[in-house]
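The chain contents come next:
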Amino acid sequence: MIEIKNVTKHFGKLRVLNNLSLQMMKGECIALIGPNGCGKTTLIKSILGMVLPENGAIIFDGYTIKNDNEYRKHIGYMPQIGRYPENMTIGQVIDMIKGIRHEHTALDLDLFEQFELSKMLDKKMRTLSGGTTQKVSATLAFLFKPKVLILDEPTAGLDPIASEVLKRKIIEARDRGCLILITSHLLSELEDIVSQVIFMQEGNVVLHKDVNDLKIATGQETIARSIVHLLKMETV
Amino acid sequence: MIRILKYVAIDILKNKIVIAYTIMLALFSWSAFSLEDNAAKGLLTVLNIVLLTVPLVSVLFATIYVYNSNEFIELLVSHPVKRSMIWKALFIGLSLSLVTAYLIGVGIPLLIFADWGTALIMLAAGMLLSVIFVAIAFLSCIFTRDKAKGIGISILLWLYFALLFDGIVLFLFFQFADYPIEKAVVFLSAWSPIDLCRILILLRLDVSAMMGYTGAIFKNFFGNSLGLVVSFTLLALWFLIPFLWSLRKFKKKDL
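Protein sequences appear in the order of chains A and B.
According to our numbering, the residues represented by the first sequence are 1 to 236, in order.
According to our numbering, the residues represented by the second sequence are 1001 to 1255, in order.
Just so you know, not all the hints are guaranteed correct.
[What the hints assert, rightly or not] Counterexamples of contact, computed for chain B against chain A with all Cβ distances above 10 Å:
(1) Y1007
(2) V1018
(3) A1039
(4) S1069
(5) F1072
(6) L1075
(7) S1078
(8) P1080
(9) L1111
(10) D1146
(11) L1159
(12) V1230
(13) A1236
(14) L1255
[As the list claims (entries may be wrong)] Listed next, the stretches of chain A that the computed footprint assigns to chain B, with coverage defined by at least 3 CB atoms under 8 Å from CB atoms of chain B:
(15) 50 to 64
(16) 84 to 90
(17) 178 to 185
(18) 192 to 206
[Unchecked claim] Simulated DEER-style distance windows between Cβ atoms:
(19) A:N36 x B:A1236: 18 to 24 Å
(20) B:N1068 x A:E70: 25 to 31 Å
(21) A:T127 x B:L1052: 58 to 64 Å
(22) A:L231 x B:N1068: 56 to 62 Å
(23) B:L1120 x A:K13: 36 to 42 Å
(24) B:N1068 x A:T105: 31 to 37 Å
(25) A:M120 x B:G1117: 34 to 40 Å
(26) A:R126 x B:I1019: 19 to 25 Å
Hints in this document: simulated from the structure, not taken from any laboratory.
Ideal Cβ positions, reconstructed from N, Cα and C, are used throughout, including at glycine.
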């Protein structure tokens, strides 16, 4: 569904993505992990067309995303740090996105209701706490029932209840057959959600494996332990 | 694009700076016309105020607004919206609001006090100046990510066009007074939109003494009607080129 072919990106002299190739299929739920600054967010932003790689191609549903924007209709994106026009209220932001998308399909208002955003519609984005901003981002990501969900540190800053609500929503989307790409540093949180793991380091994909295979290969019970086990083997 | 434009326009209208700017322009032009006993004198006062303040406010307000719209741009880019649409909507929204402010602030007294032909040319010149300096602001925004640097570049550009340029031309003229440089000076005057606007209005008013050096030669060279056409064309290029250049850079920008 999403194919990344030999993508390279530099920021100045720093090479952030290094001739990276990946394939992601429908129905997969992928954890994208790696140390800070390894290129996870840049990879995500490249898929969204926010960062334009120098080399290589990104193929979405058989078509290259270069010079296209319609493919983004199928993507719900939740950024790591949501940045919104400060003077707009929650209600205005949601209305604006609805207006700009201009889609006639029924909206998915589950998260909107469960996060109780209707009580805060008049609050300005500037005054929101980090967690509430994340709730708005999550609501927007799921609003249009996208085929692909890209979630950058989705649970960072959310309280335990909201985080649980979001997790349930992610699992529901996975069961519906969405392709889900999640980055997180809290591996334990991803444990019961993800089916695949991609481990990145310095702009390269070090590992792309099915979770069960990974656990069997390393003889560990959790993803976190398997990764640690692998890293230790490398250093030895 | 109209959908995006709607949200940009609502946002700018809520901004009190544009309203303050309108009131300031209105105050200046009403007082200029009522203090002077004849309308032609008042017109020249208004002209000088317009040539200084309109570019300054347009370039500064647009620069700050574009930097503050970063979040808005980022939010839209992850949705199925063309990048060029976002940039164009911002440009049209800003231009429209500044042009409206100018039309209300300066336009009404102009139409009341001055004769219609002159008033219309002056309105056109002021509108073009607003749009040109919005385009220049867009260009300086796209060249640097740093807000303070971007605002600095904008102010420097304004300083250059509004004050330094005529001085440089005059300096060159005295340095090369022994050579036939009239054609070169006409060519040079095309390099400042503010100078072009001054020439445009003074060609109409026919006050050569106020025209400045470049204006006098411009008139000599083109005569009145051809001068008008040439200067309008040049002014149109002055907003098209900076804006299209910034648009090209924006399409390739990493957000």
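Which numbered hints does this structure break? Those not satisfied are hints 1, 4, 5, 6, 7, 8, 14, 17, 18, 19, 21, 22, 23 and 25.
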